[in-house]
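*Asks:* Each chain is listed here by its residues.
There are 2 protein chains.
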Amino acid sequence: MDFSAFIDKMATRSGEAIMPYFRSSLAADDKSSGGVFDPVTEADRASEAIMRDMILQEFPDHGIVGEEFGDHNPGASHVWVLDPIDGTKAFISGLPTWGTLIGLKRDGTPLHGMMHQPFTGERFSGTGEAAKLVTHNVERILRTRACADLSSATLMTTSPLLLTEFEHAAYRRVEERVRLPRYGCDCYAYCVLAAGHVDLVIEAGLKPYDIVALIPIIEGAGGIVTSWTGGPAHEGGTVIASGDRRIHDAALRLLDA
Amino acid sequence: MDFSAFIDKMATRSGEAIMPYFRSSLAADDKSSGGVFDPVTEADRASEAIMRDMILQEFPDHGIVGEEFGDHNPGASHVWVLDPIDGTKAFISGLPTWGTLIGLKRDGTPLHGMMHQPFTGERFSGTGEAAKLVTHNVERILRTRACADLSSATLMTTSPLLLTEFEHAAYRRVEERVRLPRYGCDCYAYCVLAAGHVDLVIEAGLKPYDIVALIPIIEGAGGIVTSWTGGPAHEGGTVIASGDRRIHDAALRLLDA
Numbered sequence: 001m002d003f004s005a006f007i008d009k010m011a012t013r014s015g016e017a018i019m020p021y022f023r024s025s026l027a028a029d030d031k032s033s034g035g036v037f038d039p040v041t042e043a044d045r046a047s048e049a050i051m052r053d054m055i056l057q058e059f060p061d062h063g064i065v066g067e068e069f070g071d072h073n074p075g076a077s078h079v080w081v082l083d084p085i086d087g088t089k090a091f092i093s094g095l096p097t098w099g100t101l102i103g104l105k106r107d108g109t110p111l112h113g114m115m116h117q118p119f120t121g122e123r124f125s126g127t128g129e130a131a132k133l134v135t136h137n138v139e140r141i142l143r144t145r146a147c148a149d150l151s152s153a154t155l156m157t158t159s160p161l162l163l164t165e166f167e168h169a170a171y172r173r174v175e176e177r178v179r180l181p182r183y184g185c186d187c188y189a190y191c192v193l194a195a196g197h198v199d200l201v202i203e204a205g206l207k208p209y210d211i212v213a214l215i216p217i218i219e220g221a222g223g224i225v226t227s228w229t230g231g232p233a234h235e236g237g238t239v240i241a242s243g244d245r246r247i248h249d250a251a252l253r254l255l256d257a
Numbered sequence: 001m002d003f004s005a006f007i008d009k010m011a012t013r014s015g016e017a018i019m020p021y022f023r024s025s026l027a028a029d030d031k032s033s034g035g036v037f038d039p040v041t042e043a044d045r046a047s048e049a050i051m052r053d054m055i056l057q058e059f060p061d062h063g064i065v066g067e068e069f070g071d072h073n074p075g076a077s078h079v080w081v082l083d084p085i086d087g088t089k090a091f092i093s094g095l096p097t098w099g100t101l102i103g104l105k106r107d108g109t110p111l112h113g114m115m116h117q118p119f120t121g122e123r124f125s126g127t128g129e130a131a132k133l134v135t136h137n138v139e140r141i142l143r144t145r146a147c148a149d150l151s152s153a154t155l156m157t158t159s160p161l162l163l164t165e166f167e168h169a170a171y172r173r174v175e176e177r178v179r180l181p182r183y184g185c186d187c188y189a190y191c192v193l194a195a196g197h198v199d200l201v202i203e204a205g206l207k208p209y210d211i212v213a214l215i216p217i218i219e220g221a222g223g224i225v226t227s228w229t230g231g232p233a234h235e236g237g238t239v240i241a242s243g244d245r246r247i248h249d250a251a252l253r254l255l256d257a
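In order, the protein sequence lines correspond to chains B and S. Oh and the first sequence: position 224 is 224 in my numbering, straight run, nothing missing. Oh and the second sequence: position 25 is 25 in my numbering, straight run, nothing missing.
No lab work stands behind these hints, which were simulated from the structure alone. Warning: the hint list may mix true and false statements.
Claimed, not checked - Among chain B residues calculated to face chain S with C-beta under 10 Å, some are: (1) Arg52; (2) Thr97; (3) Thr120; (4) Asn137; (5) Phe166; (6) Glu175; (7) Arg177; (8) Pro181.
Quick caveat: nothing in here was measured; it's all calculated off a predicted structure. We put the CB at the ideal spot given by N, CA and C, even for glycine.
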């Protein structure tokens with residue numbers, strides 16, 4: 001089965017569902033019970049509904065884990081992991097740094113992943129063995145860049161405001177050592193890491209659907225992605241991605257200090 | 001004189017000069033004398049050189065203030081204020097949230113401004129009286145949105161790490177009151193404010209070329225932009241932009257508290 005072609009079709013359909021809502025005036029519900037602002041949009045729901053329909057029709061025995069509509073048959077050997085709009089806050093702020101995440105796990109291991117940015121027309125995808133960026137039919141192989149030492153690294157995180165006090169202290173130990181720390185960008189940060197433009201992404205509090213689709217892209221580009229304790233990242237929680245093993249190990253030591 | 005058509009031509013030529021460098025591997029010089037990382041790229045210089053040539057040829061008696069090549073005849077009645085790549089750190093990180101800023105002052109007052117994002121194909125422009133966004137030949141009028149109270153506002157700043165301790169304390173007094181604070185985005189933040197997607201942008205340490213081109217866009221969309229003390233913003237320094245006078249006044253009171 002050529003899952004890549006199917007994922008491409010899902011991305012196209014999902015992008016068509018989302019784009020009419022981007023930069024339109026829309027009311028963002030607040031699905032969180034007070035506290036952190038967590039917007040949900042019609043676009044989110046429309047996109048996930050379409051992708052779920054396509055999967056159910058094409059692969060009725062596959063499972064689905066999605067941000068908006070919960071789990072369906074999550075114990076299946078093949079499970080799709082969907083986040084229709086990763087970076088909803090960027091989306092409602094009119095910024096182009098959100099993306100649609102489409103991941104496929106086989107027997108628990110991320111096998112295929114795509115980050116689709118329908119406004120810029122970018123499709124970052126990977127299989128764990130290889131990764132590419134296709135922008136308006138122009139294809140480019142993704143490779144992370146070498147980075148021997150934290151002192152020459154660019155580090156990204158979506159926002160320090162999303163970290164607990166304990167996590168922030170650990171994050172700060174790395175931030176203080178790097179050359180250039182940058183905030184913002186959600187899934188986009190992992191994709192520019194895969195493309196060799198930044199060296200580290202460190203986040204916490206992720207859900208599986210925030211990271212599963214990105215793992216085959218990062219690893220396919222030669223990068224490393226684990227939890228802050230060096231374990232697998234696909235369950236979410238704390239996540240660190242690096243383009244070079246040397247700074248990954250150095251950052252893990254600081255996070256654990 | 002139709003300055004708008006000339007600005008459009010400058011944007012096109014400048015974008016052609018910049019794009020070959022975007023997401024290519026390029027060494028970023030460090031023009032700062034230690035301390036904060038301040039990258040300069042060949043793209044920056046190539047773009048500004050082209051825009052300066054165009055101005056000198058078309059308007060030999062106009063002045064030019066540019067980020068890369070300094071001042072030329074800055075006492076002229078018409079002075080162009082150029083920042084070829086505002087958001088150089090975003091640029092070298094492969095992110096699409098940088099832009100080319102082209103401003104024109106007459107007798108010291110910003111008269112025309114454009115923010116051009118050649119990767120996404122967006123041109124935000126304004127005259128102080130009106131503002132528009134043209135994306136791939138589709139034109140849209142820009143209007144800021146109403147926001148009666150800070151508690152429902154989205155606030156952006158490029159990075160709290162760019163603020164002094166004193167500025168950060170003032171900034172935090174506003175941040176603690178808003179609904180959604182977001183980091184990142186340089187000039188792009190002011191443009192999504194003009195487009196009615198965010199409500200406030202608060203920054204400090206800006207140069208004139210970081211803000212002059214954005215003033216006619218923000219004001220043309222119905223927004224307000226001043227220093228943190230309510231004075232004119234076109235000399236740079238501390239800057240606050242708002243889509244609605246009510247939250248502008250509320251934020252000024254907190255910044256000055």
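*Asks:* For each hint, tell me whether it holds in the structure or not.
*Replies:* How the hints compare with the structure:
no. : hint   : result
1   : Arg52  : violated (28 Å)
2   : Thr97  : holds (7 Å)
3   : Thr120 : holds (6 Å)
4   : Asn137 : violated (16 Å)
5   : Phe166 : violated (20 Å)
6   : Glu175 : holds (9 Å)
7   : Arg177 : violated (13 Å)
8   : Pro181 : holds (7 Å)
Going through the hint list in order, the structure does not satisfy hints 1, 4, 5 and 7.
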